[in-house]
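**Q** Chains A and B, in that order, are what the protein sequence lines are. Heads up: the first sequence at position 73 corresponds to 73 in our numbering, and the numbers run straight through without jumps. Add 1000 to a position in the second sequence, counting from 1, and you land on the number used in our numbering.
Accuracy of the hints is not assured; some may be wrong.
[Stated by the list, open to error] The list that follows gives simulated cross-link-like pairs (lysine-lysine, PhoX-like), each with its CA atoms no further than 25 Å apart:
{"id": "1", "chain 1": "B", "residue 1": "K1260", "chain 2": "B", "residue 2": "K1291"}
{"id": "2", "chain 1": "B", "residue 1": "K1422", "chain 2": "A", "residue 2": "K48"}
{"id": "3", "chain 1": "B", "residue 1": "K1241", "chain 2": "A", "residue 2": "K57"}
{"id": "4", "chain 1": "B", "residue 1": "K1426", "chain 2": "B", "residue 2": "K1383"}
{"id": "5", "chain 1": "B", "residue 1": "K1262", "chain 2": "A", "residue 2": "K57"}
{"id": "6", "chain 1": "B", "residue 1": "K1241", "chain 2": "B", "residue 2": "K1258"}
{"id": "7", "chain 1": "B", "residue 1": "K1262", "chain 2": "B", "residue 2": "K1241"}
{"id": "8", "chain 1": "B", "residue 1": "K1422", "chain 2": "A", "residue 2": "K57"}
{"id": "9", "chain 1": "B", "residue 1": "K1426", "chain 2": "A", "residue 2": "K48"}
{"id": "10", "chain 1": "A", "residue 1": "K48", "chain 2": "B", "residue 2": "K1291"}
{"id": "11", "chain 1": "B", "residue 1": "K1291", "chain 2": "A", "residue 2": "K57"}
{"id": "12", "chain 1": "B", "residue 1": "K1262", "chain 2": "B", "residue 2": "K1291"}
{"id": "13", "chain 1": "B", "residue 1": "K1383", "chain 2": "A", "residue 2": "K57"}
{"id": "14", "chain 1": "B", "residue 1": "K1291", "chain 2": "B", "residue 2": "K1383"}
{"id": "15", "chain 1": "A", "residue 1": "K48", "chain 2": "B", "residue 2": "K1383"}
{"id": "16", "chain 1": "B", "residue 1": "K1291", "chain 2": "B", "residue 2": "K1241"}
Source of the hints: derived by calculation from the structure; they are not laboratory data.
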Amino acid sequence: MRSRVLFLVPIAVLLAAAGCTSIGVKPWQRDLLSREEMSTRSESLDRKLDQHVYVCKEAASGGSGFIQGEYGCP
Amino acid sequence: MPVTLPPAGSARRRLIAASCALLGATAARAQQPADSTKPVASGTSVSNAASVPAPVEDATPTVDRPWILDSAIAYYRENDGRVSSVEPVISAHHDFGDERLLDVSASFDVLSGGSPNGAIPSRQPQTFVTPSGIALKSPAGNPITYTNTSGKTTSALYKFSPYTVPAGTLPVDDSLHGHRIGLTGNYQRPLSQDSRLSYGGSVVDQSDLFSIGANGKYSRDFFEQNTTVSAGVNGQLESVKPTGGTPLPGTDYLLFQKLKSKSNHDFGALLGVHQVISRRWWSEFDLAIDKQLGYLNDPYDIISIANSAGSISDYVFERRPDDRSRRSAFLENRYALDRGMVDVSLRHTSDSWGVNSNTAEVRFRYWNPQRDRYLEPSFRWYKQSAADFYTPFLTNATAPIAGYASSDQRLSAFHALTFGVKYGVKLDDDREFSVRVEEYRQTSDNRQTPPGVLQGLDLYPGINAIFVQFGWRFAE
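Next comes chain A alone, as it looks inside the complex (with noise of 0.2 Å):
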C-alpha cells in the first residue's frame, strides 16, 4: 500500500505542477525544448538497444514505455 502511495505522488505532483501559472511555456517559447537532443524520439534507437541488453541480463523491465517481456535472450 505504501508503494502505491509513492507511485501516485509524483503523478499527483505534476498534475498539480501543470495547474500552476508559474510552469508550463507559451507556443512560441518552445525553441529550446524543440531541440533534437530534447526529444526522446532520437535516441530511440539506443534506448531500444540497451534495454535488449538490460532486459536479457536483469530481472526488472518497463521504464518509460510498456513492461517488456524477455526474448531474444540467450
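Starting from the known structure of chain A, fit chain B onto it as the hints suggest.
**A** Then chain B, alone, in the frame of chain A:
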C-alpha cells in the same frame, strides 16, 4: 494557401515552411480578441508519443517531408568467452503532417558463445549435455533410461552432445548459437486538436521462440500542450520451443523429461504524464503494470543439488511460478543547456516474485560551438533483490522438487554499473554518424555460504560486458 517548395536541401525547406507558418500563425493571433484563451499555432509537446512536429499545424503548408532512417550495428560481448551477439537494426520514421506519424523497425541478432547453464562450480569435473540431448549415458558409456511424460521408459541413446567442465569452473554451455528477427511498427494519428491515438505491433522470431505483440495508447494535451497525459495497453503472446524440447519443471536433469512447445501471454497497461516545466525543462512520470501467465521458466536453467559435504549429487530443471505481476514507476527529467542537455531518470520496479529494483541513470550531451559534433557520456546504476525462490544450489533435495526454485543469475541479488560514451558527427542537417561504447559490470550481492568443500569456490561470478554501436542516421 498551399506552398510548393523548390527541391532544395530539406533543412532549408523546413525552415522556409516553418517561417511561412509562423508568419501565418502570428497573423492569426493578431486577429484574436485580447482575452482569448484559445491557443494559436500551439506548437507541440516533446512527449514520447508526439515529439516535435514542426509548430506550424494551423498553416498546413504542403511540405516535402522526408523519411528519417536510423540504422545501427551493435556488437555485444561478455567476458570469458560467454555470450556475444551482433545486431544490425534499422528504423524508419515518417511525419505525414497533422500529427500523423509512422515508425517501423527491423532487427536481426546473431548469437554465439556460451551461456551459464545454472549449475555451480564443483571440486570435481562436471559433465553435461547440450540442450539438444534427448538421453544421457553414464561416463562409462552405458545408456541410462529415458522416461517421457506419459511414463514410458526407454533406453534410447541418441542426439546428445556432452561437454565437461573442469573442477572449479563455472559450467557454461558453449553450444549457444541462434538468431533472432524482430519487426515492430507503430502509427499515430490525431483524434482531435488535442488528442492522439497510437497503435502498433511487434513480431519476434528466433530459433526457440515466436512472439507477437500489440499495443495502443491514447494521449491528450492540456494547458497549451504543456501537459500531456497518456494511457495505453499492450499484450503479447509467446510460443516457447526450446532446442531439444521443453523440460518438465523441477524434474531430474538426467531423465530429460521434456514436453513440446509451451506458451505464455502477457498483458500490461501504462499511465503517463509529460509536463513542460519551463523553456528548458520537461519532466515525465510513467506508471506501468503487467501480468504474465503461462510457461515462464528458463528451459535451459538447471540447479545443482549438493550434499552436506559439498559434493554435487544431481541436477534438476528449474521451476518457477506460472504467473507474475510486475509494476514499474519511472521519472525522467531533461534540461536544455546552452550547448546540450542533461537527462536524469529514476526507476523503481517490483514484482510478485519478490524482485525489487532501483535504477538511476544520467546522460549529458555537449555540442561543440559549431554544433556539428557532440559528446554524450552516460552513467547507470542498477540494484535488485533476489526472487523469493532464487537459490544458487539446493542441498539434500530430491527430484522432482516440490517448490519453486531457480538458479538463474537474472533472478539473484546483484548491482550493476554501466559506463558509456557516445560521439556523434553531423555531416549536415540530414546525415549523422555516431559511435557509442558502453561497459556493463554486474556484481553479485549473494552471500549464501555453500556447504563443505564448495567453500572457497567462486559461485557468484559477475558479468563484464562491452557494447559497441555504430550508428548512421539520414533523411531520404
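**Q** All hints are to be evaluated individually against the structure, with a verdict given for each.
**A** Against the structure, the hints:
1. B:K1260 / B:K1291: holds, 24 Å
2. B:K1422 / A:K48: holds, 15 Å
3. B:K1241 / A:K57: holds, 21 Å
4. B:K1426 / B:K1383: violated, 36 Å
5. B:K1262 / A:K57: The hint holds at about 23 Å.
6. B:K1241 / B:K1258: This hinted pair holds, its Cα atoms lying about 11 Å apart.
7. B:K1262 / B:K1241: Between K1262 (chain B) and K1241 (chain B) the Cα gap is close to 7 Å, so the pair holds against 25 Å.
8. B:K1422 / A:K57: holds, 22 Å
9. B:K1426 / A:K48: With a Cα-Cα distance of about 22 Å, the restraint between K1426 (chain B) and K48 (chain A) holds, given a limit of 25 Å.
10. A:K48 / B:K1291: holds, 22 Å
11. B:K1291 / A:K57: holds, 20 Å
12. B:K1262 / B:K1291: OK: K1262 (chain B) and K1291 (chain B) at ~17 Å, within 25 Å.
13. B:K1383 / A:K57: holds, 12 Å
14. B:K1291 / B:K1383: At roughly 22 Å apart (the allowed maximum being 25 Å), K1383 (chain B) and K1291 (chain B) satisfy the hint.
15. A:K48 / B:K1383: holds, 20 Å
16. B:K1291 / B:K1241: holds, 21 Å
Checked against the numbered hints given earlier, the structure breaks only hint 4 and satisfies all the rest.
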